[in-house]
Amino acid sequence: MLKIKNLHASIEDKEILRGINLEVKAGEVHAIMGPNGSGKSTLSAVLAGREEYEVTEGSVDFDGNDLLDLSPEDRAREGVFLAFQYPIEIPGVSNVNFLKTAINEKRAYHGEEAIAAKDFLALVKEKSALVELDPKLASRSVNEGFSGGEKKRNEIFQMAMLEPKLSILDETDSGLDIDALRIVAKGVNTLKSPKNATIVITHYQRLLDYIVPDFVHVLYNGRIVKTGGKELALELEEKGYDWIKSENVEL
Amino acid sequence: MTTAALTKKDILVESLSQLDFSNEPTFAQELRSKAKEALNHLDFPTSKTEYWKYTRLGKIINKTYFVQNKNAVPQIDVTSFTIPNLDSNIVVLVNGYYSDELLRIAPQSGVTIKSLKNAIQQPDSFVSNKLGKIAKAEKEIFIALNTVSFTDGVAINIDKNVACEKPIHVINVVTEKNLIANTRVLVQAKDNASVKIIESFVNLGGAESFTNSVAEFFLSVNAQVEYNKLQNKEGESYQISTEQVYQEANSHFTINTITLDGTLVRNNLNIDVDAEGCETNLNSIYLGKESNHIDNHTIVDHLKPNCNSNEVYKGILDDNSVGVFNGKVFVRPDAQKTNAFQQNNNILLTDNAVINSKPELEIYADDVKCSHGSTTGQLDEEAIFYLQARGISKKSAINLMISAFIKDALETITIEALKNYIDTKIETRFTK
Ligand SMILES: Nc1ncnc2c1ncn2[C@@H]1O[C@H](COP(=O)(O)OP(=O)(O)OP(=O)(O)O)[C@@H](O)[C@H]1O
Ligand SMILES: [Mg+2]
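Chains G and C, in that order, are what the protein sequence lines are. Residue numbers are given in the working numbering: position 46 of the first sequence equals residue 46, and the series is strictly consecutive. Count along the second sequence from 1, add 251, and you get the number used in the working numbering.
Calculated directly from the structure, the hints in this document are not laboratory data. Built from N, CA and C at the ideal position, the CB exists for glycine as well. Honestly, I wouldn't trust all of these hints.
Claimed, not checked - In silico DSS-like links for lysine-lysine, alpha-carbon gap of 30 Å or less: (1) K676(C) with K100(G); (2) K645(C) with K118(G); (3) K118(G) with K646(C); (4) K136(G) with K646(C); (5) K645(C) with K5(G); (6) K165(G) with K658(C); (7) K165(G) with K670(C); (8) K100(G) with K670(C); (9) K676(C) with K118(G); (10) K658(C) with K136(G); (11) K658(C) with K100(G); (12) K100(G) with K646(C); (13) K118(G) with K670(C); (14) K125(G) with K579(C); (15) K285(C) with K579(C); (16) K100(G) with K645(C); (17) K658(C) with K118(G); (18) K645(C) with K136(G); (19) K670(C) with K136(G); (20) K195(G) with K645(C); (21) K125(G) with K645(C); (22) K646(C) with K125(G); (23) K645(C) with K3(G).
As the list claims (entries may be wrong) - Per label pair, the in silico range of CB-to-CB distance: (24) E611(C) with D177(G): 43 to 53 Å; (25) Y86(G) with Q587(C): 43 to 53 Å; (26) E633(C) with N21(G): 23 to 33 Å; (27) T300(C) with V55(G): 51 to 61 Å; (28) P91(G) with D585(C): 31 to 41 Å.
As the list claims (entries may be wrong) - Which bits of chain G does chain C cover? Going by a derived footprint, with three or more residues having C-beta under 8 Å, they are: (29) 62 to 74; (30) 91 to 97; (31) 102 to 113.
Isolated chain G (complex conformation):
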């Protein structure tokens, strides 16, 4: 589904991603861990299409499309979803209103008819129940005045509404209480299918108890320096990153 080859990206002439290689197949869950500032959010922003980051080298193939060649909206319409580490507040734009626009623009892109108002409302009801998002929040302005946890839950609600092929969850677990964590994980697991894939970026093994990864990668200094199974996350939790850093002093 996703093939990242030797991806380099910079911002303001500072190279942040320094040769990322990663392949994600349908049905898989990948976890990306790594110290603060190692480039995890940069990787997700580059995949989602943030223009501030300049890709200087490498390629990203998404189901046969050159992902880097697509506008951010077309990436989303092709099925890429990014749950933001810091969701943006957009006063005056209602959550459901913008989701309806999003769904319909995606449908139009694929040559499908707009969703009927009744079906849309049913979908809102079903998906907000799935992530236990207060229906009142669904109709409020996007993230405006939401608590940190509510914002994260709203990201997963949007994911559920848009049914992406590839979801990238950037620290969706941070700021969630234990119950919320379970609910969000349940949402992710319910939406999981052999046809879609998930990349979870996290600092904590705890989330991976709920969303069990097939692979765990360690991103350090703009490169993936270690890849393993779910036990790697346990090892990191126990030992921290120092041993990886010392294995990679030349970086």
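With chain G's structure known, arrange chain C with the ligands on it following the hints.
Positioned in the frame of chain G, the structure of chain C with the ligands alone reads:
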């Protein structure tokens, strides 16, 4: 014989001199000659005139205009200016004249909608008591100019306890290049009367035309008036308009100024709230593009206690356009328990767009709630990206943000079809 150089004012006045008002009754002739006298003493404002500080009038006053001197209304089609899905009384002013041919009025008892020129001729009409009573020629050169030379307009009277059923839509259109049109609207809403009015200022081939309009509103006790002003003169065009409002006890006045186009637009809005229990709303959306210059000057004068005024002006300025906002609210010593709110928010879409915003509060009473504020910013790039990341095109994202931005300025438009019409106009503007 010496010939003094003609001033710009002389040239403009000269172009209007062929208008003949000699058959008007005495009160009107007196009004006009007093205005002419005032005009002799007034001059076009310069950069030193505080009230006009940010607006240069060169574009308007360095031109020569011609005036249509009789009611020779061309056969035109105004359907493109009507509001879809709105059942309204339609009055059309073409090149300054009231068109009997294009009129579409459903008669209602207690509601008078008339050509101002005809109304002036009728001695019993309210016009003789009210015309020029609050829009004072000696105060402003453009009021004086209008009073001297207005060719026609609309007189609206709503009798006591009558609610005008259909909104009145005045389509004020110019069809000739370089034409000057001085039009005038006079509205009286008596005790407990109510009326909703829309006035559209538009062009139908009237490039480089100048519309100088004056409207006077008299609200008696408990009266309710909503006036929606739609400025959409496309191409090179100039407009100065003055609204003068007088509110009696417990009356509600709302004015919504929607400026979608115009090379140079100046709105002078003056509201005297001279009795208790009044509500006043002044809202506006102005969209500037290319080198448009849109200037809004508003004054709300609270003279008596227990009144509320609410002002929300929202501007979106693109390209090299310039916006000016100067909103003054006076709260006089008697006007205790006044609630006055004023806000002006602007979005600049380019680095070259400019806004000069000056909200002003002058408070002479101590038991009042007043606030004012002004903000200027760009569209939030991060928010646009967030919306794009959900599959929304950049244009739709901008549109969503813009409609969110202007939403509260549209709240006081109670004609749903008009609101939809404006929404669509704004949406197509930013989806282009
Ligand atoms: N706009 C920017 N301008 C300059 N530097 C930036 C910018 N964005 C990111 N960086 C830098 O890039 C590096 C990687 O940042 P990134 O946000 O990708 O890290 P991260 O791995 O997501 O960290 P965290 O775990 O703290 O979320 C950091 O050193 C950061 O300061
Ligand atoms: Mg991060």
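Taking the hints in turn, this is what the structure says about them:
1. K676(C) with K100(G): Holds, at roughly 21 Å.
2. K645(C) with K118(G): Holds: K645(C) and K118(G) sit about 27 Å apart, inside 30 Å.
3. K118(G) with K646(C): Distance of about 26 Å is within 30 Å: holds.
4. K136(G) with K646(C): The hint holds at about 28 Å.
5. K645(C) with K5(G): Given that 30 Å is the threshold and the Cα spacing comes to 28 Å, the pair holds.
6. K165(G) with K658(C): violated, 35 Å
7. K165(G) with K670(C): Measuring from Cα to Cα gives roughly 39 Å; hence the hint is violated.
8. K100(G) with K670(C): holds, 21 Å
9. K676(C) with K118(G): With a Cα-Cα distance of about 28 Å, the restraint between K676(C) and K118(G) holds, given a limit of 30 Å.
10. K658(C) with K136(G): holds, 20 Å
11. K658(C) with K100(G): holds, 19 Å
12. K100(G) with K646(C): holds, 16 Å
13. K118(G) with K670(C): This hinted pair holds, its Cα atoms lying about 25 Å apart.
14. K125(G) with K579(C): Measuring from Cα to Cα gives roughly 48 Å; hence the hint is violated.
15. K285(C) with K579(C): Holds, because 28 Å separates the two Cα atoms, which is no more than 30 Å.
16. K100(G) with K645(C): Given pair K100(G), K645(C) holds - Cα atoms ~16 Å apart, limit 30 Å.
17. K658(C) with K118(G): Roughly 25 Å between the alpha carbons, so the hint for K658(C) and K118(G) holds.
18. K645(C) with K136(G): Status holds; Cα separation ~27 Å.
19. K670(C) with K136(G): holds, 26 Å
20. K195(G) with K645(C): With a Cα-Cα distance of about 29 Å, the restraint between K195(G) and K645(C) holds, given a limit of 30 Å.
21. K125(G) with K645(C): This hinted pair holds, its Cα atoms lying about 28 Å apart.
22. K646(C) with K125(G): holds, 28 Å
23. K645(C) with K3(G): holds, 26 Å
24. E611(C) with D177(G): 43 to 53 Å: holds, 49 Å
25. Y86(G) with Q587(C): 43 to 53 Å: holds, 47 Å
26. E633(C) with N21(G): 23 to 33 Å: Holds, since E633(C) and N21(G) (Cβ atoms, about 29 Å apart) stay within the stated range.
27. T300(C) with V55(G): 51 to 61 Å: holds, 56 Å
28. P91(G) with D585(C): 31 to 41 Å: With Cβ atoms ~38 Å apart, the hint holds.
29. 62 to 74: holds (count 3)
30. 91 to 97: Coverage by chain C holds here, the residue count being 4 at a Cβ distance below 8 Å.
31. 102 to 113: Result for this restraint: holds, n = 5.
Against the hints set out earlier in the document, violations occur for numbers 6, 7, 14.
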